[in-house]
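There are 2 protein chains.
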Amino acid sequence: MITSTLEKYFNTVDSLENLYVERLKEAVAIPSVSGDAAYRENVFKMSQWLIELFQKLGISYEVVNVGTQVLDNKTLKLPPVLLGTYGNDPNKKTILVYGHYDVQPALIEDGWNSPPFELVETDKNQLIGRGSSDDKGPIIGWLNAIEAHQKAGIEFPVNLKICFEGMEESGSEGLDEVICKEASRYFKDVDAVCISDNYWLGVKKPCLTYGLRGIAYYKVIVSGPGRDLHSGVFGGTVHEPMTDLILLLSKLVTPSGEILIPGINDDVAPLTENENKTYESIEFDLNEYHDAIESKTTIYDDKINTLQHRWRYPSLSIHGIEGAFSASGAKTVLPAKVLGKFSIRLVPDMDPERVNALVKKYLTEEFSKLKSKNSFNVECLHGAKAWVASPDHWNYIAAAKAVEMVFNVKPDYTREGGSIPVTLTFQDALNKNVLLLPMGRGDDGAHSTNEKLDRSNYISGIKLFGAYLHEIAATKI
Amino acid sequence: MITSTLEKYFNTVDSLENLYVERLKEAVAIPSVSGDAAYRENVFKMSQWLIELFQKLGISYEVVNVGTQVLDNKTLKLPPVLLGTYGNDPNKKTILVYGHYDVQPALIEDGWNSPPFELVETDKNQLIGRGSSDDKGPIIGWLNAIEAHQKAGIEFPVNLKICFEGMEESGSEGLDEVICKEASRYFKDVDAVCISDNYWLGVKKPCLTYGLRGIAYYKVIVSGPGRDLHSGVFGGTVHEPMTDLILLLSKLVTPSGEILIPGINDDVAPLTENENKTYESIEFDLNEYHDAIESKTTIYDDKINTLQHRWRYPSLSIHGIEGAFSASGAKTVLPAKVLGKFSIRLVPDMDPERVNALVKKYLTEEFSKLKSKNSFNVECLHGAKAWVASPDHWNYIAAAKAVEMVFNVKPDYTREGGSIPVTLTFQDALNKNVLLLPMGRGDDGAHSTNEKLDRSNYISGIKLFGAYLHEIAATKI
Numbered sequence: 007m008i009t010s011t012l013e014k015y016f017n018t019v020d021s022l023e024n025l026y027v028e029r030l031k032e033a034v035a036i037p038s039v040s041g042d043a044a045y046r047e048n049v050f051k052m053s054q055w056l057i058e059l060f061q062k063l064g065i066s067y068e069v070v071n072v073g074t075q076v077l078d079n080k081t082l083k084l085p086p087v088l089l090g091t092y093g094n095d096p097n098k099k100t101i102l103v104y105g106h107y108d109v110q111p112a113l114i115e116d117g118w119n120s121p122p123f124e125l126v127e128t129d130k131n132q133l134i135g136r137g138s139s140d141d142k143g144p145i146i147g148w149l150n151a152i153e154a155h156q157k158a159g160i161e162f163p164v165n166l167k168i169c170f171e172g173m174e175e176s177g178s179e180g181l182d183e184v185i186c187k188e189a190s191r192y193f194k195d196v197d198a199v200c201i202s203d204n205y206w207l208g209v210k211k212p213c214l215t216y217g218l219r220g221i222a223y224y225k226v227i228v229s230g231p232g233r234d235l236h237s238g239v240f241g242g243t244v245h246e247p248m249t250d251l252i253l254l255l256s257k258l259v260t261p262s263g264e265i266l267i268p269g270i271n272d273d274v275a276p277l278t279e280n281e282n283k284t285y286e287s288i289e290f291d292l293n294e295y296h297d298a299i300e301s302k303t304t305i306y307d308d309k310i311n312t313l314q315h316r317w318r319y320p321s322l323s324i325h326g327i328e329g330a331f332s333a334s335g336a337k338t339v340l341p342a343k344v345l346g347k348f349s350i351r352l353v354p355d356m357d358p359e360r361v362n363a364l365v366k367k368y369l370t371e372e373f374s375k376l377k378s379k380n381s382f383n384v385e386c387l388h389g390a391k392a393w394v395a396s397p398d399h400w401n402y403i404a405a406a407k408a409v410e411m412v413f414n415v416k417p418d419y420t421r422e423g424g425s426i427p428v429t430l431t432f433q434d435a436l437n438k439n440v441l442l443l444p445m446g447r448g449d450d451g452a453h454s455t456n457e458k459l460d461r462s463n464y465i466s467g468i469k470l471f472g473a474y475l476h477e478i479a480a481t482k483i
Numbered sequence: 007m008i009t010s011t012l013e014k015y016f017n018t019v020d021s022l023e024n025l026y027v028e029r030l031k032e033a034v035a036i037p038s039v040s041g042d043a044a045y046r047e048n049v050f051k052m053s054q055w056l057i058e059l060f061q062k063l064g065i066s067y068e069v070v071n072v073g074t075q076v077l078d079n080k081t082l083k084l085p086p087v088l089l090g091t092y093g094n095d096p097n098k099k100t101i102l103v104y105g106h107y108d109v110q111p112a113l114i115e116d117g118w119n120s121p122p123f124e125l126v127e128t129d130k131n132q133l134i135g136r137g138s139s140d141d142k143g144p145i146i147g148w149l150n151a152i153e154a155h156q157k158a159g160i161e162f163p164v165n166l167k168i169c170f171e172g173m174e175e176s177g178s179e180g181l182d183e184v185i186c187k188e189a190s191r192y193f194k195d196v197d198a199v200c201i202s203d204n205y206w207l208g209v210k211k212p213c214l215t216y217g218l219r220g221i222a223y224y225k226v227i228v229s230g231p232g233r234d235l236h237s238g239v240f241g242g243t244v245h246e247p248m249t250d251l252i253l254l255l256s257k258l259v260t261p262s263g264e265i266l267i268p269g270i271n272d273d274v275a276p277l278t279e280n281e282n283k284t285y286e287s288i289e290f291d292l293n294e295y296h297d298a299i300e301s302k303t304t305i306y307d308d309k310i311n312t313l314q315h316r317w318r319y320p321s322l323s324i325h326g327i328e329g330a331f332s333a334s335g336a337k338t339v340l341p342a343k344v345l346g347k348f349s350i351r352l353v354p355d356m357d358p359e360r361v362n363a364l365v366k367k368y369l370t371e372e373f374s375k376l377k378s379k380n381s382f383n384v385e386c387l388h389g390a391k392a393w394v395a396s397p398d399h400w401n402y403i404a405a406a407k408a409v410e411m412v413f414n415v416k417p418d419y420t421r422e423g424g425s426i427p428v429t430l431t432f433q434d435a436l437n438k439n440v441l442l443l444p445m446g447r448g449d450d451g452a453h454s455t456n457e458k459l460d461r462s463n464y465i466s467g468i469k470l471f472g473a474y475l476h477e478i479a480a481t482k483i
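Heads up: the protein sequence lines correspond to chains L and D, in order. With the numbering used here, the residue at position 7 of the first sequence is 13, and numbering never jumps. With the numbering used here, the residue at position 358 of the second sequence is 364, and numbering never jumps.
Heads up, none of these hints are tricks.
Chain copies aren't distinguished; within one or between two, either way the pair holds.
Derived lysine-lysine pairs resembling DSS-like cross-links, with alpha carbons at most 30 Å apart:
1) K225 x K257
2) K225 x K343
3) K337 x K309
4) K257 x K337
5) K375 x K309
6) K377 x K302
7) K343 x K309
8) K187 x K337
9) K283 x K210
10) K83 x K337
11) K302 x K366
Rather than coming from a laboratory, the hints here were simulated on the basis of the structure.
Required output: the full structure, derived from the provided sequences and hints.
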């Protein structure tokens, strides 16, 4: 049921629609690409733009300097982490929202239909521009929600803590340290966390996201000769590292995705009947999925298997080989040392340490079967546990009610196949429930050309954020 | 038995030793790198240097323009093929000698102990410099042999035809056309061919080389999605081209070098007892071989198996994968299209066409077993038959006698594992016996840093070339 307070809020948001679009346009015009040294000053410019908005809205803030990095052989200052506080009423709940103000690179030559850093609106009311959906729309959305409360003369329902970073697209350098350090200080009173940095599963139905897969990334090294050899001169007489590596990699996974490492599935949480049922009602169209991958080469022809293998089962992918011949053309080299790269997406309740042990044991055994004189090693480059939150938590219940109010539909409860490491960091450092509450749609093309945010998603998203906070405030815990 | 004529020739060569070293020094100082556009003018300079020497020695010549190529986005003139004629006595045999005046790239930063284009002599009397052994020493050797005859007042024993090219290190562009065209004109009267562009097997004993392996180079293409995908989002739900390609490549060869393609060995010439015996006396030290590959990762621990698998059995090598992640670090990409590269070294009597058919049939069958929805294709990028000449031919018998005269030892009869395509072109276009008569040693480091030619090999090589031509003249056919 929509209260009169919320109705007033929604009406105010509607009345400010054009201002909000103009504000997003201003933000998109600052090309805050974090992955390219040449754009770094624009990332700082974007942080300054946000600080001015903080000031205008009466948000108190801290600008946290997180040091320097070396990029393209230059030492560069890292963009700051912006911490904000709006309200500190001990009788209200405190919600921490996270987002990022940097963007992926974009060049019109990549195939954009318009200059990527000019927000343009199509006749389908899509707001096209780099960062529109990932993640400038959402972060400005939170600030717009504050402003709408002010303009409507409505009391803000919670204390809001803000954490906006400028390096998300480039490994979130420096962020984890800030979160861990501030957990007992700036974030001390936080009751729950909300992150808006993902997407609806499809294009029609909002969702709440409660799980992400983890990852364990491996490098398998096989080396033999002290230098690269010529296949004519030496082929047939030496153990070739490539032959051994290809054989090892071939033992990892089948074409239909079955992982061949013994024991790997032992810790995968069993699929309960209850969980299985949750997939039935989810809005998901395999045709849209085929459009997304630009082919019909999916392993499964049905929704439930596809979603479950994306979200709740592990997968193993071979990414490539370092040290071998990788250019076009024909070269007759026998590479002396080759490094195969593969990764396993982890799900509850897989433990990265145990997975490492299984991978190492298996590959070591398989290598010894080769009876090769080459040397072999396997290293885990990085590992992260899967994340799964309880959708029964009041944080999710409040968000679900807000979705129903704004969209007149119950949200889908989704997971995602990839990792958003900060989610796990917040959960572990603060020990609070984390909710992923997306603003954009599944076809927004976040890291792609012609990234867009539908005008309706933007405006409804601002309403959703406000309604969510009011529902939080109404929750008795 | 050394005739007084030859003794006079040998003494003259000895007396001209310093002149010959100076001449090689001059040639090495011209950095005639054919593979780098920035050096192209030096390749032309080197051809001019040779033309001046032709003129000085009274060699009549033709400068054959072979057109242009595109290199590093520039259209470049190709260096000319130099054809020379020294003598046209119908009562003498006519021998065609081939060599090349271009060299591999060389930078002191690569690890040279001295500037690569300055010939310097070590205290072990090694002449260090790019091109010293490959192939400036040998081509100048032929010209020095002519000059020594002139200075000694000895009649030159044969008519000599010369074919020197300037693109050997870069695919011999334009050469095949010249050879085929001139087969019935400039090379019409040629009785046999001699190429000095390879090496002794080891460092002590001269050899005559009568066989080379051929090659068939393949590209296996597996493609699925229309674009690269993120392994977190899509891993586990799509057929990954890398998984399929790795499985296909794993079916090609065992770690001990056994090729798994059915029928591939059917046409390999059987090893006769006679042939088997020829390997026993060959000077070959497995320790030197281990030094060359900088490891002890040879498949066989004995000389005979090692030599036979290098020379007279096919081998299969996997070179690399195009389209996959090949840089350092960790990237979670699912490549949309991957191209595996492998090649098979061919031996008598394998036919490239039949090998192609076997490879395609096998991989097509193996791919269908994968039950993948991805697309698959296999292409042969290039193929060349193996070459083997009869070492009983008078061309070889004359060379063997010359070796005994100069070195007091019977030569080894060797083959090589790699391909020198021009060998087969001469044999096929002229239909004459081709002999490979090396000047340098197995450790000269032809394409490596600190390339060298031992002073003794250079001078003995000039004697060998002259003695060989005198033995040719003495042969009754």
